[in-house]
Amino acid sequence: MAEKEIELKIMRQDPETDKGPRYENYKVPYVDGMVVLDAVRYVQEHTDPTLAIRWNCKAAKCGSCSAEINGMPKLMCKTRVDTIGDKITVSPMAAFPLIKDLVTDVSKNWEITRKIPMFTPKENMEKPWRINPKDVEKSKEFKKCIECGLCMDVCHVVREHYTPYFGPMHIVKAASWDMHPLDGVDRSKYLNKEGGLGYCNITKCCTEVCPEHIHITDNAIIPEKERAVDLQYDPIAMLIKGIRKKEKVMK
Amino acid sequence: MPEDYETVESDVLVIGAGGAGLRAAIAVNDSGQKVIVVSKSLLGKAHTVMAEGGMAASLGNVDPQDNWTVHYGDIIEEGVYISSWKMAEILAKEAPSRVLELESYGALFDRTPDGRIMQRAFGAHTYRRLAHLGDRTGLEIIKTLEHQVIHRDITFYDEMYITNLIKEGNRIVGAVGIKMNTGKIFLFKAKAFVIATGGSGRVFKITSNSWESTGDGIGMAYRAGVKLRDMEMIQFHPTGMVYPPGVRGLLVTEGVRGEGGILLNTKGERFMLRYSPEKKELDARDVVARANYREILEGRGTEHGGVYLDITHKGSDFIKHKLPAMYQQFMEFAGVDITKEKMEVAPTVHYMMGGIEVEAETERTNVENLFAAGEVASGLHGANRLGGNSLSDILVFGKIAGENAAIIAKNSDMGKINAEKIKNEIKYINSFFREDGKNPYDVIDKLTTCMSENVGIVRDAEHLKKALEIISELKKEAGEVGTKGMIKYNHGLLGCLELSNMLISCEAITNCALMREESRGAHTRSDFPKKDKEWIRNIITELGEDGNMKFGVKPVDEMPGEYKNYVKPEVYS
Chain Y
0 MAEKEIELKI MRQDPETDKG PRYENYKVPY VDGMVVLDAV RYVQEHTDPT
50 LAIRWNCKAA KCGSCSAEIN GMPKLMCKTR VDTIGDKITV SPMAAFPLIK
100 DLVTDVSKNW EITRKIPMFT PKENMEKPWR INPKDVEKSK EFKKCIECGL
150 CMDVCHVVRE HYTPYFGPMH IVKAASWDMH PLDGVDRSKY LNKEGGLGYC
200 NITKCCTEVC PEHIHITDNA IIPEKERAVD LQYDPIAMLI KGIRKKEKVM
250 K
Chain C
0 MPEDYETVES DVLVIGAGGA GLRAAIAVND SGQKVIVVSK SLLGKAHTVM
50 AEGGMAASLG NVDPQDNWTV HYGDIIEEGV YISSWKMAEI LAKEAPSRVL
100 ELESYGALFD RTPDGRIMQR AFGAHTYRRL AHLGDRTGLE IIKTLEHQVI
150 HRDITFYDEM YITNLIKEGN RIVGAVGIKM NTGKIFLFKA KAFVIATGGS
200 GRVFKITSNS WESTGDGIGM AYRAGVKLRD MEMIQFHPTG MVYPPGVRGL
250 LVTEGVRGEG GILLNTKGER FMLRYSPEKK ELDARDVVAR ANYREILEGR
300 GTEHGGVYLD ITHKGSDFIK HKLPAMYQQF MEFAGVDITK EKMEVAPTVH
350 YMMGGIEVEA ETERTNVENL FAAGEVASGL HGANRLGGNS LSDILVFGKI
400 AGENAAIIAK NSDMGKINAE KIKNEIKYIN SFFREDGKNP YDVIDKLTTC
450 MSENVGIVRD AEHLKKALEI ISELKKEAGE VGTKGMIKYN HGLLGCLELS
500 NMLISCEAIT NCALMREESR GAHTRSDFPK KDKEWIRNII TELGEDGNMK
550 FGVKPVDEMP GEYKNYVKPE VYS
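These protein sequence lines map, in sequence, to chains Y and C. Mapping the first sequence onto numbering that gives the first Met the number 0, position 21 (from 1) lands on 20, and the numbers just tick up by one. Mapping the second sequence onto numbering that gives the first Met the number 0, position 507 (from 1) lands on 506, and the numbers just tick up by one.
Check before you lean on any hint, since a few could be wrong.
Under the rule of at most 30 Å between Cα atoms (straight-line distance), these lysine-lysine pairs were calculated in the DSS-like manner [claimed, not checked]: (1) C:Lys-530 <-> C:Lys-33; (2) C:Lys-33 <-> C:Lys-92; (3) C:Lys-178 <-> Y:Lys-18; (4) C:Lys-279 <-> C:Lys-226; (5) Y:Lys-133 <-> C:Lys-313; (6) Y:Lys-8 <-> C:Lys-204; (7) Y:Lys-26 <-> C:Lys-483; (8) C:Lys-567 <-> C:Lys-279; (9) Y:Lys-139 <-> C:Lys-313.
Simulated from the structure, these hints should not be mistaken for lab results. Only a predicted model underlies this, so the values are computations on that prediction, with no experimental measurement involved.
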């Protein structure tokens, strides 16, 4: 039996030297259980070592190998080839400036992180701190974030518009501190004002692509919008708050 | 090809941004000195992220009998009496403070019913000792440190691959690196340097280690005349994934066994009852790893070459709550639901106990103004590491290294650098751009295959000698590797540079393994199956004056009398 092959199309471009992107075709032998990162690395190690990719843990824990696979933002290391067929197109994340081929410049994430007030413990707490085990759970969901940026990539506000919106990944980070049981700062006002959270119109695309299955919209974005709703005018947040109240009454 | 370079100055340069590097940078920053951190990967993506089970510290929250002396005893016994007793003492005493400090930085840990930090059982720890957040403790720790670094006045250059240290006299004065995402070459001038680049796990084919763990820090330190210690001591984790092939080697956390998982062979026999009737699945990693290896070797393994790890009896809710990442990992990579099905596992290269020799109290090396901490350093773990001690290690010794580098920096001038040396280093980098260059990945593939086949979990002289022959052949081939294209984000170039470092680790590991004619901890020789009293020694590797690798043996530092009470006496059969 002939060896099974997959057809891989990879976007190639160095913006410093190439005018536009081009897609190059590669054939890669199929190995049982292989992921897209295996296929792309095969090209890098056997066909063209100048192909730029970014990866590290290959275990879906570090969030380095984010890309668009057949148009969908995904981690290359977590996407099994047998789940998407034998014709695969890989492009870089479009929401971040291109460095080369599949590698993008994600440094703006650090700039945004720097702006968000960090965890600040409540004053005068007795040490060692005590936390009810149940109270850990809320923040724990956001602590799963591996900062892969896929939610930023899929977000049409981040991707297509020049707004002050920090993007879903950063709202998750802020929520992880806001919902830390011992945190003494409320970031919702800041997120809505400086962080442009009002621009998010809760299409939930971010939640759909999150490889850690964090309910970004329902559990991070909406609560942050709700908490700040009295502080500034955000029609969508007001609407949600109204509906949620109604639901509660009906229950 | 570039010939110019940009010069950046700081008081301290930290090379590596895993837990040890970031904690060192925070310590320098706390001292008021200017610090720069550089890392091969993106900030926050270092191998620390992979740590799952937890961080060992004798807080005594779950088992109040626990204290530093018990932790100390566990380290020395697990390290089979060749650890640095001083490092073990420092770690056991300081780990609890580092956990609480992380909590004050905003890290979250699972709790006991009365609200204190929860601690889980782990292999060969006398008491339940590991502070954890589910099975994502490493992620929580690195994110916490990352956010500290971002919010402090700490400059970082990520995707910066350091090619070499620059030495004048017996002192390090600079480091040359390639900023991968721009292709620019940098010279970092500093008064003190901390190497925190992690281990060399990727010199083996089957490993749980990240892409970046190619022993770059070991390579640059060795070339600069730094002494390495106990390089033969490689930890095989008992449970790596086996199938599908794409994920072979990927870690299955010890937390699975800590939470009640049992090991079975294809006959359905719980074989650990035979190998270790008392501690069973929670015996030391080397014991469990060799048991798994033997079951597979003797034909009681699965068709994919593994044994079964079963936790289904704990029920779906418990598993999803306690081991969420493992549930997800098996579901998504292998299509296995671990709440209903057994996992298939086999030993995988996990950790390097050996590395740069450091002074216990300061983490300084034998070369002036140079420090090392974390997996790249050695001494603490001896012949085997306890699970959960690597996270304590990076935080405890990262902090000490940073503090001492800051002190040295305060009392030193910026060293003078001979520009010729920088020129030569750039020439070396550029020399890999050649049309006729051999593909470095072909050589790396041969090297890693050789190491896994010949320097694996059970070793003997015949295979080790064969490995040395292959390594010596591959050293010649390494002289012919090259790449094409531009310097920016060129993995071919990285492969060439990494290969030279990997070869140094391989040569040291294999030679030391051949020298140590006994079986101790993680080092098992089928031709010397017993532990030998004569080998309560450390093997030192360094660059000889003739340019060849040179080896020496020295007795282990003897611990003070009262400390011997904390440790069971060593038994020889």
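Results for each hint:
1. C:Lys-530 <-> C:Lys-33: violated (48 Å)
2. C:Lys-33 <-> C:Lys-92: Given pair Lys-33 of chain C, Lys-92 of chain C holds - Cα atoms ~29 Å apart, limit 30 Å.
3. C:Lys-178 <-> Y:Lys-18: holds (23 Å)
4. C:Lys-279 <-> C:Lys-226: violated (38 Å)
5. Y:Lys-133 <-> C:Lys-313: holds (21 Å)
6. Y:Lys-8 <-> C:Lys-204: Status holds; Cα separation ~28 Å.
7. Y:Lys-26 <-> C:Lys-483: Distance ~21 Å between Lys-26 of chain Y and Lys-483 of chain C Cα, so the pair holds.
8. C:Lys-567 <-> C:Lys-279: holds (20 Å)
9. Y:Lys-139 <-> C:Lys-313: holds (22 Å)
In the structure shown, a violation is registered for the earlier hints numbered 1 and 4, in ascending order.
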